[in-house]
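Asks: The primary structure of each chain is shown beneath.
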Amino acid sequence: MTLNARIPEGPLPHKWGNFKDHCQLVNPSNKPKHTILVVGTGLAGASAAATLAEQGYRVKSFCIQDSPRRAHSIAAQGGINAAKNYPNDGDSVWRLFYDTIKGGDYRSREANVYRLAQISNQIIDQCVAQGVPFAREYSGLLANRSFGGAQVSRTFYAKGQTGQQLLLGAYGAMMRQVAARQIELFPRREMLDLVVINGQARGIVVRNLLTGEFERYAGDAVVLATGGYSNVYYLSTNGKNSNVTAAWRAHKRGALFANPCFTQIHPTCIPVASEFQSKLTLMSESLRNDGRVWVPKQAGNQRLAQEIPEADRDYYLETRYPTFGNLVPRDVASRNAKQVIDEGRGVGSTGLAVYLDFRDAIASQGKSAIEARYGNLFEMYQRITGEDPYAVPMRIYPAVHYTMGGLWVDYHLMSTVPGLFVLGEANFSDHGANRLGASALMQGLADGYFIIPYTLGNYLATTPLPEVDTSDEAFGEAEASARTRTMKLLSIQGDKTVLDFHRELGHLIWNGVGIHRHQQGLKKTIEDVRSLRHEFWQNLRVPGEATTLNKNLEFAGRVADFMELGEVMARDALAREESCGCHFREEFQTASGEAQRRDEPFAIAAAWKYQGDEQPPELEHETLVFENVELTQRSYR
Amino acid sequence: MISTQSSEADALGTASFTPLSSNKSPELPELPELPESSEWFSTIGKKLLTGITGLGLVIFVVVHLLGNLTLFFSASAYNRLAHIIERLGVLTYLVEGGLLAIALVHIAVGINIHMNKQTARPVKYAQYVSAGQPSRQSLSSRTMIVSGLVLGGFLVMHLATFKFGTYYTLPDGSGRDLSRLVFETFHRPGYTAGYVVVLSLLGLHLRHGIWSALQSLGIATRPGLYAASAVLGSAIALGFIGLPISIYFGLI
Amino acid sequence: MKINLKIWRQEHARVSGAFVHYTVANVQPDLSFLEVLDLLNEQLIAEGGVPVEFDHDCREGICGACGMMVNGQAHGPLQRTAVCQLYMRHFSDGDTVTVEPWRAKAFPVIKDLVVDRSALDRISAAGGYISVKTGAAPDANAVLVAKPDADTAFDYAACIGCGACIAACPNASASLFTAAKISQLALLAQGQPERKSRVVKMTQQMTAEGFGDCSNHGECQSVCPKGISIDAIAQMRREYIRAKLPFG
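Top to bottom, those sequences are chains A, B and C.
Start counting the first sequence at 1; every next residue gets the next number (the working numbering).
Start counting the second sequence at 1; every next residue gets the next number (the working numbering).
Start counting the third sequence at 1; every next residue gets the next number (the working numbering).
Please note that the accuracy of each hint is not assured.
[Claimed, not checked] Using 25 Å as the maximum straight-line C-alpha spacing, the simulated SDA-like pairs for lysine to any residue come out as follows:
no., chain 1, residue 1, chain 2, residue 2
1, B, K117, C, G210
2, C, K196, B, I52
3, C, K133, A, G17
4, A, K84, C, P138
5, C, K6, B, S130
6, A, K31, A, N458
7, C, K133, A, L141
8, C, K133, A, Q24
Worth flagging that the hints you see were computed from the coordinates, not collected in a lab.
Bear in mind the structure is a predicted one, so any value in this text is a computation, not a measurement.
Go ahead and model the full structure; you've got the sequences and the hints to work with.
Replies: Next up, the structure:
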């Protein structure tokens with residue numbers, strides 16, 4: 001079946017305007033009659049909740065954290081893109097659109113990406129008005145920087161805490177509506193099921209994480225803004241609580257899951273130091289502007305970095321990519337690091353790292369110049385590793401940190417379940433097979449502040465919504481199924497902990513659906529993940545009770561969903577017989593080892609339909625039509 | 001100078017909104033209204049009060065000290081000063097009344113802050129350690145209530161001893177011989193020792209107090225001012241202590 | 001190395017708690033303190049016990065979820081470091097580490113080391129924002145902010161809302177948390193229209209939540225993972241005076 005993305009008519013630059021001009025509006029006096037359930041309070045969820053509440057809708061906002069301000073958007077470091085062209089360096093809406101769609105390796109929807117670029121400027125205006133303290137010039141005007149290899153300086157930033165500042169802006173807007181009683185806040189609630197009545201999303205079942213009670217909430221639409229699923233890899237740069245559960249349960253109620261194998265792996269993370277390490281920390285890739293990446297030429301090296309003479313060092317990025325050198329895109333840098341490590345040339349005690357060396361930069365520019373540029377990053381590195389990067393090279397390793405895949409949505413950001421809207425990283429829409437730096441924050445806020453208010457209004461104004469309340473049998477059924485699943489987790493009382501299973505799952509996914517993938521490996525991963533899932537449901541041990549705060553129980557439910565997702569990721573990677581963006585299939589590469597895209601037949605969004613826990617999902621697709629850009633092959637040599 | 005109307009705060013409706021953990025329908029329960037506190041008794045108002053009264057008392061203490069120091073010149077200079085003050089009549093009473101009011105407010109607010117501290121943390125830590133610089137927590141800051149109460153008690157005794165103590169008349173009958181009382185008092189070892197201890201506590205109180213008063217009044221204090229607070233506090237304490245010590249050991 | 005832990009265990013707010021002693025062996029210096037708690041919990045589950053609950057999320061010091069007293073200090077012995085970024089290389093073999101929840105009337109214990117910090121959200125809701133509706137903003141560069149003001153505003157805006165300032169304050173005062181937001185917005189041109197009402201409303205809410213009064217101990221600035229200065233508190237007081245002066 002081919003999915004209809006409901007893209008408005010007209011030339012690309014006019015589509016969003018046309019939509020806004022002709023969409024149906026909800027009468028102001030009717031808005032308070034609509035209850036909207038917003039799940040998640042990151043950039044997308046908080047901005048959506050605040051804006052919908054400002055417009056007069058009754059909003060109920062749910063988050064798993066103790067406060068909405070802790071959503072993982074807070075950890076984004078780098079910045080947010082916008083086509084303001086304040087530096088007068090040639091940027092434009094078109095250029096931002098083009099860079100984003102090209103960066104996504106032509107696997108995203110033209111109309112969505114163009115809209116994103118158009119909205120980008122309004123986002124900056126909005127955030128500045130909220131008091132977000134972006135970096136400024138001495139003139140008092142906003143400062144910009146170039147980010148992630150972009151040719152223009154279009155990134156706005158607040159030191160290395162841009163995500164935090166943007167989120168606190170959205171959180172403030174949201175708390176204003178909480179005070180005005182337009183938003184009712186439900187922290188420490190985890191969405192465990194979507195309630196679909198007459199084919200429409202009409203409610204959710206959540207578990208109160210403090211009391212263990214299951215609670216039902218009804219509304220006229222459900223907005224999911226629950227983030228990405230990088231934690232399927234166990235180790236990632238995501239927060240420990242980031243999970244796929246809300247999105248996955250919605251998927252099992254009929255929402256298609258698109259491009260799950262598109263996961264971005266960031267090359268400059270602090271490597272794993274021990275088996276018990278719980279998470280990975282990202283360092284800004286701006287480090288590669290001055291740091292040189294190398295490994296020893298010979299495998300099995302035992303010497304310390306400073307003992308290795310120049311002749312024995314392999315600056316492999318500079319040799320292989322003379323034009324871009326250390327600044328090749330994220331996926332290329334990650335893939336090459338994995339390759340040299342697989343050759344046994346990795347460094348550090350685990351051998352799972354490559355060097356990022358500032359020796360030459362310090363020698364040529366002076367320590368103070370490097371300190372001014374990267375001081376806080378060096379400090380962070382030293383805090384975590386205990387090593388001084390001014391004296392010895394940093395060790396870096398790739399880590400998963402963003403997932404481009406997610407619930408399939410049309411131009412209206414509505415999933416295949418009418419009334420279920422999906423925003424931010426939780427949807428699949430704008431980044432194709434690879435996300436550009438400083439674009440995630442832009443997308444989350446575009447979706448929440450500027451898109452959903454229109455598209456949701458249009459839905460409410462054009463859709464008959466019969467009265468429902470939480471006594472409906474669909475609520476009863478959803479609650480019962482969530483309850484059964486939760487109690488089942490507690491009752492197994494096997495031998496292995498959630499952490500054991502999560503770690504094992506992470507290994508399987510990292511090795512099978514990680515930096516590079518191949519047919520055999522993927523087939524094996526499908527089998528391995530499936531059998532691990534079966535073992536999970538036989539041999540899991542969750543301590544404690546279901547009636548008090550029990551984080552092990554929460555995690556068990558999330559890992560159970562990751563098990564199912566992991567299998568679909570491998571199926572998706574297997575079905576996509578091409579290399580594109582972050583998806584590198586070894587069978588599909590050029591003679592020089594670059595990703596070989598196959599636009600025919602894979603210029604599609606692959607959307608998977610749930611068929612049952614033991615049935616393989618069914619593949620549906622949306623054909624991506626490119627009318628405005630020419631599909632070119634990347635080359636960084 | 002500070003507006004006393006509180007209608008503005010009421011109109012803002014800050015006191016109540018959805019309790020965050022509520023699982024109720026949008027019909028929200030009424031939350032308790034905030035106490036109708038005047039600006040002066042709000043949490044920042046109290047700091048302003050302690051700060052202003054504290055600085056007022058510092059000024060008084062400095063003036064008092066300068067008066068005491070006249071004894072180092074001569075007993076007659078000291079007595080002349082006492083005489084001048086006595087002859088100010090109504091003005092003296094006004095100043096004394098003002099000082100008393102300032103002291104009472106300072107004490108009342110201090111006790112209130114201390115009591116709030118007890119309610120704000122009903123369960124104490126089993127282990128508690130200061131994190132060190134740039135923390136300004138010190139023996140001085142931790143003992144403000146103790147040093148303050150001791151100073152308050154001392155004030156009463158001090159007034160009883162000197163202001164309302166034995167009235168020696170000068171040989172020429174021209175007025176009170178206060179210096180004689182001072183010399184007599186500070187030849188008593190117990191009193192002198194106690195005085196030294198209490199005035200050391202004044203130093204301790206002022207070490208945190210002067211700096212803290214400035215911070216309370218919104219003057220963002222730099223490390224220099226923090227150090228100056230220590231210097232001034234010690235100087236005042238030493239100045240006061242110098243007199244009884246000198247008298248006791250017969251240096252003057 | 002081997003680490004002895006003395007941890008506050010409390011089932012919920014209505015029962016009393018107590019310290020329980022545990023030992024975790026094979027602690028590597030590269031582990032974070034929270035990873036040692038993870039290890040302990042795995043050990044407890046294996047023994048059929050109940051794990052120690054503690055809030056945590058990003059584990060890179062920015063979300064503000066984690067927080068506990070470690071050896072009597074909020075977030076442990078390292079300054080400008082949230083407890084998730086406290087590494088075991090700062091401890092020695094055989095050390096006994098005391099771990100307690102934040103303690104304040106306004107932070108009731110939920111379970112073990114988890115406390116309810118929703119009071120901070122209510123302080124924010126009382127005025128910690130600029131009342132701008134989506135779509136109503138002028139061009140971002142229409143508003144000028146002098147760089148020093150923008151930089152100081154950023155320093156105050158860096159607050160992660162962890163509650164360490166309150167936990168470490170001998171008076172359990174929330175002044176630094178509240179002042180950081182008030183002062184951030186007071187320094188920005190955009191924050192001017194609500195400047196006066198904001199300081200009044202937020203500080204009223206702070207008192208209503210049951211936090212203590214500030215005594216200028218300045219302990220908060222030492223334990224703040226973001227190193228926010230008590231200059232923010234001085235600024236908050238100036239804002240208050242300005243709000244209350246009839247012609248201010």
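Asks: Now look at each hint and say whether the structure bears it out.
Replies: Do the hints match the structure? See the list:
1. B:K117 with C:G210: Roughly 10 Å separates the two Cα atoms, so the pair holds.
2. C:K196 with B:I52: holds, 22 Å
3. C:K133 with A:G17: Distance ~21 Å between K133 (chain C) and G17 (chain A) Cα, so the pair holds.
4. A:K84 with C:P138: OK: K84 (chain A) and P138 (chain C) at ~13 Å, within 25 Å.
5. C:K6 with B:S130: With Cα atoms ~19 Å apart, K6 (chain C) and S130 (chain B) stay inside 25 Å; holds.
6. A:K31 with A:N458: Distance ~12 Å between K31 (chain A) and N458 (chain A) Cα, so the pair holds.
7. C:K133 with A:L141: Distance of about 22 Å is within 25 Å: holds.
8. C:K133 with A:Q24: holds, 21 Å
The structure shown violates none of the earlier numbered hints.
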